[in-house]
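Residue numbers (my numbering), protein chains in the order written: chain Z, 1 to 565; chain Y, 566 to 854; chain L, 855 to 1221.
Keep in mind that the hints were calculated from the coordinates and are not lab data.
In this text the structure is predicted, and so the values were computed from the model without any measurement.
Where a beta carbon is used, it is the ideal one built from N, C-alpha and C, also for glycine.
All clues given are correct.
Chain Z stretches covered by chain Y per the calculated footprint, using a threshold of three residues with CB under 8 Å from any CB of chain Y: (1) 192-199; (2) 208-214; (3) 291-304.
Here are the simulated distance ranges between beta carbons: (4) Asn312(Z) to Gly925(L): 47 to 57 Å; (5) Gly182(Z) to Asp628(Y): 36 to 46 Å; (6) Arg27(Z) to Lys1029(L): 30 to 40 Å; (7) Pro212(Z) to Asp747(Y): 27 to 37 Å; (8) Glu973(L) to Ser603(Y): 17 to 27 Å; (9) Glu736(Y) to Pro1210(L): 18 to 28 Å; (10) Thr1105(L) to Glu736(Y): 27 to 37 Å; (11) Ala692(Y) to Arg27(Z): 54 to 64 Å.
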Amino acid sequence: MEQVLSGAKPHVNPTSTLTRLLLCLERASAKPTTIKSVYAVGVSFFLLIVIIPSIAGIVAQMFSLPSLVLNAVTLNGMERAVSWSFIIGLTVSSLDIVAGVPLAWLIVRRRGHWATILDSLADIPFIVPTVALGFSILQFWSSPDGIAQLFGSKSIVPPGVVLIMLLHFAFSYPVIVRVMVGEFLNYRETYEVAARTLGASSFTAVRTVTLPILRPGLLAAFLLALARSLSETGATIVVAGSFENGTVFISNARNLGLTSAVVVASLILILSSLVVFSAIKLVAPRIRVAPLRVWPNFERKLSRSPTVAIRNITSVTIFLVFVLLPCLFIALPAIMAVASGTASEAILGAGPWKAFWSSMLLSYTIAVLVTIVNIVSGLPLAILVARNRFGTRITKLVDALVDLPIIVPSLALGVSLSFFWGRIGSLPEFWVIVLAHTTITYSYFVRTMTASIQEVQPELEDAAKTLGALPFRIFRKITLPLTKYALLSGAILVFTRSVDETGATSAVSKTLKTAPILLVNWIKGTVSVTPTERALGVGFLVATSFLALVVLRLIAIRQPSRKVG
Amino acid sequence: MPNLDIFSVSKTYGNIHALSDVSLHVEDKEYVCVIGPSGCGKSTLIRCISGIEQPSSGEICIDGKSVEKTLIEDRQIGYVFQDIALFPHLTVRDNLAYGLAVRQTPANEMRTVTNEMLGLINMRDRARSYPIELSGGAQQKVAVGRAVATGARLFLLDEPLGALDAIVRAELRYELRKLASDLGLTVIHVTHDQEEALSIADRVVIMKNGRIIEVGKPAEIYHHPKTLFTANFVGETNLLEGRISRTESALSTSTIDIAGHRVNLPIHRKKVGQRVVISIRPESVMLSP
Amino acid sequence: MPPVRFVNVTKRFGKVLAVDRISLEVSDGEYLCVLGPTGSGKTTLLKLMAGLLLPEEGSIYIDEKPANHIGAQDRNAVYVPQRYALFPHLTVLQNVAFGPLARGKPVSDALEIASKTLELVRLSSRAQALPNELSGGMQQRVALARGLASGARLLLLDEPLSAIDARLRLDLRHKIRDIVRQSGLTAIHVTHDQDEAMSVGDEILILKNGRIQDSGPPRRVYRKPASIFVTNLFGGASFFEGIVDNTVGETALVSARGLVIQAPSRMLTLTSPVVLAVRKERVRLSFNQPPEMDNVFKGEIRNIRFLGSSNEYVIRLSNGDSIASRNFAESESEFKVGDEVLVSFREGDVMVFEYPPQGLSKELEIA
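Chain Z on its own, in the form it takes in the complex (with noise of 0.2 Å):
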């Protein structure tokens, strides 16, 4: 036995290059001077390419304030496209509550083959290029083509408000199911049980225990929607017609070199919604829970079989006419296109095709490196944050920070970096969207990251390394592969965010033409090309972003949800 117990140092013989490359970088990691570098190049990163740019950008706009000139009718113009931006950001964001949570309800508790369908499907709105989203809508509700052909009406609804609140029920939609999924599926069910052995109808029960206790997932869920409707600017330039929110008049804007108003208008919307977002995330916490008043009659009605079937047929109604429809209806021109022999002319590359595909590329070159960044710099800092390595209150910061580039909408954003880069001076085109892309997307993989990381129980960590396993072993071994999932969901949510992203882009561009961009100047007209063109434009773009989908669904079907420890 006791050669079989002794730890004597043994001797390696080393296979392969990437043996020894993997021992070296072992090696590497038991000094807690390689560790501290590596953690202070994720966060240097973060701070100088994410956070620096931004807020310097914004104070050197502040700075430039008193330069600029503004008339009365453009500061009217922009007060109310802001407000608007917000009336329709928290209009949107409640019924999206209202609808998505239902639908979540249903996929988790209502096992079988129609809740996995129906998962599949909400996350569909979610993958197609708001672009895309914005475009389907538009024909769905506004052109003769769409569902206007069944009241035998030229549109049901026109290009304005209207129009822009069912684009961003749509698309802020999905965020709400995936996080109140999430959500209820990690919710412990006994909580709702016992409150049912204490006399409590399933209504009741969810209603003053279940949505109570989740309250911090239905706020993190509404801010998200909220933040995604406020920065959305590609879409709902395609649907907006004259109408301006504040997105809209900030391109508005910009189209027509009012630069003044520009940075204005984008400080504006930047400050507003810090401050809307620190109010709702100091306040909402704090609400006292009212005592409970309950009505067992009523509410055991609301309970019974056929109230839970209404509800049910109800939410998928609402989200198949609301949500999904719109979305696909994208298929019906951009499959007749193909029909029509346009799709070989575009293959070939003849005409506006040439600029489309060199902007296709542009945009899936800027999405990999961006991508790739993104991973390499953002886990050191989600390992830190995960792991409370910073001391509880610089967590908390860095936390906050972190949501930064998701709170501030990204065309107000997009105009703070092209300030910041602009000093710079002599950096190309290129990087700088890249860069821009980099700090949109941050949040995205290292949320993700993180909330992976935190499910990881510190306990096999310890128990690696007293068994002998240096720092990058234990991150290799133990880390990693319990959070491949999260890491894999984190990329492809960077990628397609960087793939979709217009608001930022459209700041900070002058030459180059991301795809969604020239799509937009496509649809609106500012470049001509025929319906049909249109549609197999944005047709090829919704392609190549399904693939993404189906990727992502083929990963998770292979790691059933699996509870550590």
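Got chain Z sorted already, so can you dock chains Y and L onto it with the hints?
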């Protein structure tokens, strides 16, 4: 006066037979402990009684009425969970009052009953605390109080002391028993701790692999177990294998060959050559130099 | 050479003092049980030994070398957390081989070590299983095997049996003890179960609020506990508050709310307030006067608890105090609730303590 009848209840999950043909009668005000190794079906049984699960076959009756069509919330059963399940967003007082609040009980009645409960579990000074601020034992007391406050008389306890320190368990179990006696409750208490069961139960039910192996008073189960499993599971014992070498039907005794010795025991209806196992409790064994 | 030595070690978490000036020494090959209620600092103590936490003050010596700044990887002490922390994505064999692989052994050697260790804990047949396919008891054994295979000389077990059924615990605790003894390791076994500590420990350490309350072989701690808290935690007893009335030679007469109890005098001064304790097994019940007992009192049986191998009686004495008596090996109890009996115990079985400054109930608090 809740008494409970379980008639041939079975519960299957796909291929797994969690419960097989379980029948039991529990008298009004009786304190029954159900014990057995992990996976024996004891938790499944009380989940079926409470309505959290539906049996695949068989019937459960409370006071003679079948509860098959009765929802969980209408069964009027107090349930205490192993992981305690106090509502984290409510104070101790609000937790205790929950069962009353959902019945639209008038405010002053709620206050009276809640104060009574706080006194009963001796936690008047923690009424405004949140569950997270309490120790495990305190939390469990609140959970019990919360169920008692609803006025339920039939109680199902699912390993109520499982999450607590050994020493706290040993004290709390007697408090639990006293509470049940004082309030005249009918209790089914599931546990894997046989000492816990022996010390407080009126009757003990032993389960294994989804079936009831034996039912009896603690002393009976311990001193006169009917099966080998019971003898070994309840308390510690020494098991010796042997063979019947002689029977004396007139005296109702048999001689058994064990470890080279012959032992006479007052057991009958055995055949010569039959293999047997003898169980001797450690406390019955004497040592001498 | 003692594998572990602590000198005045202190560990704080913010304002909370988790470990408070602890000094201890563990001998080579010893099986030390650390007993204490939840929150007494047991896990923190283990983590300090493992190198997973660093002390604020004091020195830690591993094999007599100053170890305060030696990382967890290099201490040759393996930490087995409460829920085993088996790597859920690795098979049993891969889990057990993790240690040798981490220390640089070639794969074939590591797997061989792992197989041999699995044989030792009798789990060779489950080598390819994933942890979530195993029962609690099996997971426990895999965790143990993983620790053994790593070649560590010090095994730190954090409540190894608390997630296991009561009945299985009785068997498993001895199996663990045997495996450790066979392998020649030193082990620190943390628990909140005093039966467990008593039955497997060579030495016991009792913790409360981060301080050591008592330490020594189980028998000694049981017979001569250092404080009321230790008496209550480790074995339990009946307690009486009283005042020393008189001392006659080696005997003190203590007046306890109307009763006069004979106790060993042990340098007690007159009129000093004391607390007396008597173990339940040292109290006898009888109907007739028992021969040669120093303390005999009348009482009424209020409660009888059947514990299987024993019966525990709660008797109310004439002064209102309660006393508990535990009798083993009775198939049929001759006593019934309500019986008037005589309760008796020897002077030598009475433990004497100074009256605690915070009061008796505070001192007896375990949770």
